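Starting from the known structure of chain A, arrange chain B on it as the hints suggest.
Chains A and B, in that order, are what the protein sequence lines are. Heads up: the first sequence is residues 0 to 111, going by numbering that gives the first Met the number 0. Heads up: the second sequence is residues 0 to 203, going by numbering that gives the first Met the number 0.
If you are wondering where the hints come from, they were derived from the structure by calculation, not from laboratory data. Certain hints may be false.
Unchecked claim - Result set (DMTMM-like, lysine to aspartate or glutamate): computed pairs, CA atoms no more than 25 Å apart in a straight line:
1) B:K200 with B:E163
2) A:K48 with A:D61
3) B:K140 with A:E55
4) A:K48 with B:D159
5) B:K60 with B:E96
6) A:K48 with B:E137
7) B:K60 with B:E137
8) B:K30 with A:D83
9) A:K48 with B:D15
10) B:K30 with A:E30
11) B:K30 with A:E93
12) B:K30 with A:D81
13) B:K140 with A:D57
14) B:K30 with A:D38
15) B:K30 with A:E71
16) B:K140 with B:D15
17) A:K48 with B:D128
18) B:K30 with A:D94
19) B:K30 with A:E76
Please read all numbers here as calculations on a predicted model, not as lab measurements.
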Amino acid sequence: MSSCPEHSAPEPAFEQPWHAQVFALTVALNEAGRFDWPDWAARFSETLKRHGLSRELDGGDDYFHAWLETLEALLAENGAADPDEVTAIRRAWEDAYLGTPHGQPVHLPSSR
Amino acid sequence: MPHDHHDHPHALLPPDPALRVKALETILTRKGLIDPAALDEIIDTYQNRIGPQNGARVVAKAWSDPAFRAALLEDATPVVADLGYYGRQGEHMVVVENTPARHNMVVCTLCSCYPWPLLGIPPGWYKSDAYRARAVREPRKVLAEFGVTLPEGTAVRVWDSTAEVRYLVLPMQPEGTEGMSEDELAALVTRDSMIGTGLPKVPA
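Next comes chain A alone, as it looks inside the complex:
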């Protein structure tokens, strides 16, 4: 046994489902050639640096918040996802969740 169990215990790769989703989205876009990884890493490290100025980042949820913010900015800049459209679709998803009976799968209305 290791002398330091709290550091060697297996951890899930992703703490939250959305961490995995935003990670996979970024990897898929990189592989599709929408941006290269060194460019991504440079932008992401800028975001981390900016967030880290006001508080100590713990590498968990705050790390993926910085990740998402970086991806949103990158996609706004290269035109793949306009911020106003993101806001509108995000709202449509929220409405869909609130309007779907508990236990039913949630879908966006096809018109949106």
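Below, chain B without anything else, positioned relative to chain A:
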């Protein structure tokens, strides 16, 4: 929490960032820029198939096979690719060897660059400000917090991973394990021992 009722008349609303990710996914899927099935495949890969067990196999083989070890230290990327470990964030991997004179430790001071094909997704602490800032400044203190105390005469070398070069530590083989099979050896190799913040397990 946005919804703390005991019975939900509607589906549980995911947190704000989850909705923003769903919005991006919807927009990019509609534009044909991504395929949702490919996203599921990526998640499954990193959740279930790629992890430190890959790196542990490489280390166990290096301990057992001197020619493999020499080739690994010379140019790791093609050598581990031969074992099937290549791809995303593994384009250029460098293996650094611990010796009685030098202990190696890996950090990414910029963000969280890490050899995904060998170790999977980095743990939270690797991505934390505390580790990223302190690993370079006071590595011995950080090591002590991980329960690693090195002999006085062992120097610590810290390697800063980048988007171009990712490092893996080859830990020293524990004494008394010379006759073990590669499978038995691989079971001794912890993730942290390949980042340099731990040592391999010692057989009971």
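Against the structure, the hints:
{"no.": "1", "hint": "B:K200 with B:E163", "result": "31 Å, violated"}
{"no.": "2", "hint": "A:K48 with A:D61", "result": "12 Å, holds"}
{"no.": "3", "hint": "B:K140 with A:E55", "result": "19 Å, holds"}
{"no.": "4", "hint": "A:K48 with B:D159", "result": "16 Å, holds"}
{"no.": "5", "hint": "B:K60 with B:E96", "result": "14 Å, holds"}
{"no.": "6", "hint": "A:K48 with B:E137", "result": "20 Å, holds"}
{"no.": "7", "hint": "B:K60 with B:E137", "result": "32 Å, violated"}
{"no.": "8", "hint": "B:K30 with A:D83", "result": "16 Å, holds"}
{"no.": "9", "hint": "A:K48 with B:D15", "result": "22 Å, holds"}
{"no.": "10", "hint": "B:K30 with A:E30", "result": "16 Å, holds"}
{"no.": "11", "hint": "B:K30 with A:E93", "result": "21 Å, holds"}
{"no.": "12", "hint": "B:K30 with A:D81", "result": "12 Å, holds"}
{"no.": "13", "hint": "B:K140 with A:D57", "result": "18 Å, holds"}
{"no.": "14", "hint": "B:K30 with A:D38", "result": "23 Å, holds"}
{"no.": "15", "hint": "B:K30 with A:E71", "result": "16 Å, holds"}
{"no.": "16", "hint": "B:K140 with B:D15", "result": "38 Å, violated"}
{"no.": "17", "hint": "A:K48 with B:D128", "result": "9 Å, holds"}
{"no.": "18", "hint": "B:K30 with A:D94", "result": "22 Å, holds"}
{"no.": "19", "hint": "B:K30 with A:E76", "result": "16 Å, holds"}
The structure fails hints 1, 7, 16 (numbered hints given earlier, in ascending order).
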